[in-house]
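Peer 1: Could you put the whole structure together from the sequences, leaning on the hints where they help?
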Amino acid sequence: MFHWGLKVSIIEPGFMRTPLIERLVKPYPEFLTSLSNDVQERWGEEYLKGWHDKMEQNQLTKLADDPLKVVQVIQNAVMNTVPQIRYRPGMQSPLIFLPISILPAWIADSILRKLM
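Under the numbering used here, think of the first position of the sequence shown as 1356, with each following residue one higher.
Honestly, the hints are just simulated from the structure, not real lab data. Just so we're clear, the structure is a prediction, and the values are computed from it rather than from any experiment. Any given hint might turn out to be false.
[Said to hold, decoys possible] The calculated lysine-lysine pairs, modelled on PhoX-like cross-linking and capped at a C-alpha distance of 25 Å, are:
{"#": "1", "residue 1": "Lys1381", "residue 2": "Lys1409"}
{"#": "2", "residue 1": "Lys1417", "residue 2": "Lys1469"}
{"#": "3", "residue 1": "Lys1424", "residue 2": "Lys1381"}
{"#": "4", "residue 1": "Lys1424", "residue 2": "Lys1362"}
{"#": "5", "residue 1": "Lys1417", "residue 2": "Lys1404"}
{"#": "6", "residue 1": "Lys1469", "residue 2": "Lys1409"}
{"#": "7", "residue 1": "Lys1404", "residue 2": "Lys1469"}
{"#": "8", "residue 1": "Lys1404", "residue 2": "Lys1381"}
{"#": "9", "residue 1": "Lys1381", "residue 2": "Lys1417"}
{"#": "10", "residue 1": "Lys1381", "residue 2": "Lys1469"}
[Unchecked claim] If you anchor each label on the Cβ, the simulated ranges turn out as follows:
{"#": "11", "residue 1": "Leu1387", "residue 2": "Gln1414", "range": "22 to 30 Å"}
{"#": "12", "residue 1": "Phe1357", "residue 2": "Gly1399", "range": "48 to 56 Å"}
{"#": "13", "residue 1": "Asp1393", "residue 2": "Gln1414", "range": "25 to 33 Å"}
{"#": "14", "residue 1": "Thr1436", "residue 2": "Tyr1383", "range": "47 to 55 Å"}
{"#": "15", "residue 1": "Gln1395", "residue 2": "His1358", "range": "47 to 55 Å"}
{"#": "16", "residue 1": "Leu1375", "residue 2": "Pro1438", "range": "22 to 30 Å"}
{"#": "17", "residue 1": "Gln1439", "residue 2": "Gln1414", "range": "26 to 34 Å"}
{"#": "18", "residue 1": "Asn1392", "residue 2": "Pro1449", "range": "36 to 44 Å"}
{"#": "19", "residue 1": "Tyr1402", "residue 2": "Asn1431", "range": "38 to 46 Å"}
{"#": "20", "residue 1": "Gly1360", "residue 2": "Gln1414", "range": "38 to 46 Å"}
{"#": "21", "residue 1": "Leu1390", "residue 2": "Gln1414", "range": "19 to 27 Å"}
Every residue gets a Cβ at the ideal spot worked out from N, C-alpha and C, and that includes glycine.
Peer 2: Here it is, written out as C-alpha cells:
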C-alpha cells in the first residue's frame, strides 16, 4: 500500500454492545422467543438455556462498550493525516486482548476458554 501512498490502520475493538450482544443479555424467555422455531428444535431448550446462562454471566458481555467508539475511531483513522498503525477502541481491547495477543497460542486459548 505504501507504493500508492496509502496508509493502513488496524482496528481491534473489544466486545461492543451490538444487537447480537443485547440479545444475549435479555432475560431467557425473551431470548428464547427471539429465536426461530427451527433453531429451538435443532439445539434443544437444555442447551440454549445453558448457553444463555453462560453468556449472561460472561464478564466480556457484561462490560461490552458502546459501538459508537468504533465509529469514532474509524472517523479518526480516515480523517487523520498521520493515522495510528493500531487502534483499540473500548476498555476490553487494551486491557484483555492486547496482553493475550502477546502470549503463546496455547496459553491464550486456555485463558479465552475460561473467559467464555
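Peer 1: Each hint: holds or not?
Peer 2: Quick rundown of the hints versus the structure:
no.: 1; hint: Lys1381 <-> Lys1409; in the structure: 13 Å, holds
no.: 2; hint: Lys1417 <-> Lys1469; in the structure: 15 Å, holds
no.: 3; hint: Lys1424 <-> Lys1381; in the structure: 23 Å, holds
no.: 4; hint: Lys1424 <-> Lys1362; in the structure: 21 Å, holds
no.: 5; hint: Lys1417 <-> Lys1404; in the structure: 18 Å, holds
no.: 6; hint: Lys1469 <-> Lys1409; in the structure: 11 Å, holds
no.: 7; hint: Lys1404 <-> Lys1469; in the structure: 19 Å, holds
no.: 8; hint: Lys1404 <-> Lys1381; in the structure: 12 Å, holds
no.: 9; hint: Lys1381 <-> Lys1417; in the structure: 11 Å, holds
no.: 10; hint: Lys1381 <-> Lys1469; in the structure: 22 Å, holds
no.: 11; hint: Leu1387 <-> Gln1414: 22 to 30 Å; in the structure: 23 Å, holds
no.: 12; hint: Phe1357 <-> Gly1399: 48 to 56 Å; in the structure: 53 Å, holds
no.: 13; hint: Asp1393 <-> Gln1414: 25 to 33 Å; in the structure: 31 Å, holds
no.: 14; hint: Thr1436 <-> Tyr1383: 47 to 55 Å; in the structure: 50 Å, holds
no.: 15; hint: Gln1395 <-> His1358: 47 to 55 Å; in the structure: 53 Å, holds
no.: 16; hint: Leu1375 <-> Pro1438: 22 to 30 Å; in the structure: 28 Å, holds
no.: 17; hint: Gln1439 <-> Gln1414: 26 to 34 Å; in the structure: 27 Å, holds
no.: 18; hint: Asn1392 <-> Pro1449: 36 to 44 Å; in the structure: 42 Å, holds
no.: 19; hint: Tyr1402 <-> Asn1431: 38 to 46 Å; in the structure: 42 Å, holds
no.: 20; hint: Gly1360 <-> Gln1414: 38 to 46 Å; in the structure: 42 Å, holds
no.: 21; hint: Leu1390 <-> Gln1414: 19 to 27 Å; in the structure: 24 Å, holds
This entry satisfies every hint, going by the numbered hints stated previously.
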